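*Asks:* Listed here are the chains, written in short residue letters.
Number of protein chains: 4
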Amino acid sequence: MKVELLNYTKDGDKLIAQAAKLCYSEAGLKEINENLSPEEVDRFVHMLTSLGHMSPMEHISFSFYVEGISRACSHQLVRHRLASYSQQSQRYVRLDDFDYVIPPAIEKNPRAREVFIEAIKRDQEAYEDLVQALMEEGMKDKNLTDKEKNALEKRAIEDARYVFPNACATKVMVTMNLRSLLHFFEMRTCLRAQWEIRNLAIEMLKEVKKVYPLLFQEAGPGCLRGPCPEGKMTCGKIKEVRAYFQGGQDD
Amino acid sequence: MKVELLNYTKDGDKLIAQAAKLCYSEAGLKEINENLSPEEVDRFVHMLTSLGHMSPMEHISFSFYVEGISRACSHQLVRHRLASYSQQSQRYVRLDDFDYVIPPAIEKNPRAREVFIEAIKRDQEAYEDLVQALMEEGMKDKNLTDKEKNALEKRAIEDARYVFPNACATKVMVTMNLRSLLHFFEMRTCLRAQWEIRNLAIEMLKEVKKVYPLLFQEAGPGCLRGPCPEGKMTCGKIKEVRAYFQGGQDD
Amino acid sequence: MKVELLNYTKDGDKLIAQAAKLCYSEAGLKEINENLSPEEVDRFVHMLTSLGHMSPMEHISFSFYVEGISRACSHQLVRHRLASYSQQSQRYVRLDDFDYVIPPAIEKNPRAREVFIEAIKRDQEAYEDLVQALMEEGMKDKNLTDKEKNALEKRAIEDARYVFPNACATKVMVTMNLRSLLHFFEMRTCLRAQWEIRNLAIEMLKEVKKVYPLLFQEAGPGCLRGPCPEGKMTCGKIKEVRAYFQGGQDD
Amino acid sequence: MKVELLNYTKDGDKLIAQAAKLCYSEAGLKEINENLSPEEVDRFVHMLTSLGHMSPMEHISFSFYVEGISRACSHQLVRHRLASYSQQSQRYVRLDDFDYVIPPAIEKNPRAREVFIEAIKRDQEAYEDLVQALMEEGMKDKNLTDKEKNALEKRAIEDARYVFPNACATKVMVTMNLRSLLHFFEMRTCLRAQWEIRNLAIEMLKEVKKVYPLLFQEAGPGCLRGPCPEGKMTCGKIKEVRAYFQGGQDD
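Residue numbers (the working numbering), protein chains in the order written: chain A, 1 to 251; chain B, 252 to 502; chain C, 503 to 753; chain D, 754 to 1004.
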């Protein structure tokens, strides 16, 4: 999995503080700016976060480029509706020898690993066989132009991809505003989230912490900021989870 | 594919006319209702549709139950963000001998069909082998309670499903308001849409036409209401497409 | 203020239970329905609410007709973006002797009440004077058709309404799905919310409780379900607030 | 009215081209970047715009600071739901001698102007009288701390503002992504839009054209890109409107 922070709102913390101040002040923006020291920005951002006043957070956003997640993972990812996505199309792009994601538990289990790799290989072969069978039928006794051949191939790969496994890797660009992103982190860095989207969320969190350490200081699963929101479905590991997110995720 | 209209706003056309009248009238709702004959409702709904004044359309919504579409299709479906979804989870539900969708072009091509069915069978076997290998490892030299075994199985199927193909069938409940639904029909009944989601959209359209023929009278691809919006990417079959949607889709 | 529940999803609790069951069950809808007793529905809805698993709640929605709230209130109301609105237009509707909302604290204070009523009356006169002055100018030395006179009047009221006060009453139709509605109740029934939108939220809550007592059993400000989310900005009256919402709002 | 482009996504056109290319290419982002000349970016952006493929446009966004629009205008503005707002609160900010917006047709009509200014003045007086009457009542025979006095004042201005007119000026920060912004321009630069929000939209369009001339080349009312979408409600001035937007708005 590769996660890159492709673009984000510069001076975003300042923008948040400006927005928040605007709501409660007689002053216009010019006057607000004159009194907005970096310390004041920090103080404001911290106050908003702790009070859960999230609307000023919407003014700034983050764009990620993600490569090497599975289609199982991307199907979960795009369920977050307050976000924008551009994803590599399996309909338009011919993917011979596709990349794939192997779950860690399968990687570590020799028998499972063998079964898995074998299944992937056969899917790759089936894909190629299907493209070939469909194209041969389309070309039989015909003299197609290059353009017609391209159209034929497109139709063939559109159908052949039905044998691609969930493990098949995809590429996607994701943009979320800060409010939506914090919610994403809350849901998906939780230990009860599925391992792959959890890894994705953690990588994304690492990236944004590099550029805005303060804004994401308390970002992570709900249990960082109160009791476990999962109730009796809790993972039961609050202490470890808190230590991981608050102590730095790099070790 | 099975599509069922599970629930929808009753007296929805009346609600739309009420909402639209409210905007432009001094009268309150009571007085509006007194002057709202069925003919008046029809006239209003038609006028709004033709002017593209869509906001009153948002007050009514439609819930569908869909069974037997592929995960390739559901991944596209959930990209429509102004909608609500509840989908059968591959993480929580063990799916031995899963159902699957076979693309028509593959169904009709004997060689492709053979390759496809064979691939599906091997995926089913790989899934079962993976679940078994992962569970055996987890149980080795241990005496697990039933609860622990369940947890173990859940983790195993969560990973084993990475070999499921796109063709794997899923079940999903979808709710959209009328405005969002009309947009969905516009995008997805177009001949350039992928065949499976196009079939889904057409089935959904048939269902809602049964209960509100007038509301969906002009629903369908953009070319029903003007020139092809795809420009030079057009399918070039406007005449046939119009005949299909305006002449009744049953033949 | 008049609040009417105009339309809502029938069998909504059942729909929620179906949606939730679908996610975690191998069964299709038919089988799910066979095992869905009213008690089972209740149990499911309660479980989802307590776990905060809100997505199945989105499948059902509620439409309200609201009359006699101020434009100050409607400006706040339409800030809730996951909702649909149709509001009486001040641009299109001539409102001589407009209705208005008088804040209770002003109603009770004789001096303030006098100032307020006087201000309203003068605004009504200014509105009429402005419409007249603008129309006279437009008609001077001209022989307008009725259609031209109507267009002229429309332009005049569009501008004259700039003297309407925030207190001016409006009519609006609102539709929200259950998830969004519960969030609205959480924000707006809080004692720290502005009194008018709080009254509106409480009236709406009363209406929906009549048709779905169980679904809205725990609806209300955040402090009904945990500590005050406003932190040190708390109203400090948790006990009274809880008694009010849990003991019945009718006294 | 003052409109300032406060923040926006840098290299936004490149981001759009990257997103679009990602969907249809086998290549990862690195390889895409290597082949992305400024000309190629321009070509892609133009193609997407003309085809109406809007989803890659969502990755970039624009934040505006707006001062001196009326509350009549801001009430319309916040109806655009795919956007984020932070607005100066009339509940929290005491606004003696508030600024206001005077409609041009009223400004030009001496009689109307006099009525209007007079109405504004009396509203300002009524506001101050109300604050005073409410505070006097609250302080009568009591010895309030400064904090209690502040709370009292806050409650007073919260109610006194009910006499503020629609003309009362407000300050607001708005953020929209490009897709939503283009839709806003389509709706609100139309001659049939109300004059004040139309002026706002035109000012916003001027600001963004300075930083991304190509992206907004065809932005404006629907009639720039086809027949008038308003049908028989058309303003009938397509030629003038097109000349205005396509010839430069500065004269």
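The hints are simulated quantities; they were obtained by calculation from the structure and are not laboratory data. Quick caveat, the model's predicted, so the values are computed rather than measured. Glycine included, C-beta positions come from ideal geometry on N, C-alpha and C. Any given hint might turn out to be false.
Said to hold, decoys possible - Stretch-level coverage of chain A by chain D, calculated; a stretch enters the list once three of its residues show a Cβ under 8 Å from a Cβ in chain D: (1) 15-27; (2) 87-96; (3) 170-184.
*Asks:* Of the numbered hints stated previously, which ones are contradicted by the structure, given in increasing order?
*Replies:* Going through the list in order, the structure violates no hint and respects every one.
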